[in-house]
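As given, the protein sequences belong to chains A and B, one line each in that order.
For the first sequence, the numbering used here assigns the number 1 to the initial residue and increments by one for each residue that follows.
For the second sequence, the numbering used here assigns the number 1001 to the initial residue and increments by one for each residue that follows.
Since the hints were made in silico from the structure, they are not lab data.
Hints are not guaranteed to be accurate.
In the BS3-like style, the derived pairs of lysine-lysine whose C-alpha atoms are separated by at most 25 Å in a straight line are [said to hold, decoys possible]:
1. A:K39 x A:K108
2. A:K50 x A:K104
3. A:K92 x A:K108
4. B:K1013 x A:K108
5. B:K1062 x B:K1019
6. A:K50 x A:K108
7. B:K1012 x B:K1023
8. B:K1013 x A:K92
9. A:K45 x A:K92
10. B:K1062 x B:K1013
11. A:K39 x B:K1023
12. B:K1023 x A:K45
13. B:K1023 x A:K42
14. B:K1012 x B:K1062
15. B:K1012 x A:K42
16. A:K104 x A:K39
17. A:K45 x A:K108
18. A:K45 x A:K104
Not everything, but these chain B residues come out facing chain A in the computed CB check (under 7 Å) [what the hints assert, rightly or not]:
19. A1056
20. A1104
21. D1106
Heads up, the beta-carbon is just placed ideally off N, CA and C, and yes, glycines get one too.
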Amino acid sequence: DIQMTQSPSTLSAYVGDRVTITCRASQSVNSWLAWYQQKPGKAPKRLIYKASSLASGVPSRFSGSGSGTEFTLTISSLQPDDFATYYCQQYKSYFLYTFGQGTKIEIK
Amino acid sequence: QVQLVQSGAEVKKPGASVKVSCKASEYTFTGYYNWVRQAPGQGLEWMGWINPNTGATNYAQKFQGWVTMTKDTSISTVYMDLSRLTSDDTAVYYCVYASGTDSAFDIWGQGTMVTVSS
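Chain A with its partners taken away, still in its complex shape (with noise of 0.2 Å):
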């Protein structure tokens, strides 16, 4: 299996702030990488797929990026809106689908 690990598992942040978060695999998984962004009570809501493409209607101030093993996801000036908790996930092999443990952003 393919194990994914977010850091930082939580993270203190201004509005405005420069965000990144980092998803390492435990091998390789090109560029099979989404980030999905949760919020309390909802659904997941896909921000980035194959590493670095921005999904429809997401904002600007997310982007992603790296492949094989290392990916991040930054966001350039974080927003009140964006205080939430990321998951990436890796979908390399269609058989098996893992995701990171989260990372939670809280206002500082």
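Knowing the structure of chain A, use the given hints to seat chain B on it.
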């Protein structure tokens, strides 16, 4: 864009089974319908997928033997049946559509809370 509407919350006793439905606003014969669950306060766990055209399924190893995913194309609905429930199965269950091989999980249902309690 496809919308997914799931059935309502369920309360089950240990050992029982639960069947959650997921109705698509427009049923497509491409892509895959996945099921993902989330225990209270925990992360996301992928359970498996069903091909909406062929009905072929693929289950995560953990769930093999006790999850069944089916479809009824006549009513644009897919189902997830989980048997031999324990308290560890208490979770929100999401139906998720992946439109293509590179799209990841595009569209999520609203989730169905399943509570297992004696």
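Inset, instruction - Against the earlier hints, flag every one the structure doesn't satisfy and list their numbers going up. - result: Result: hints 3, 4, 6, 8 and 19 break, sorted rising.
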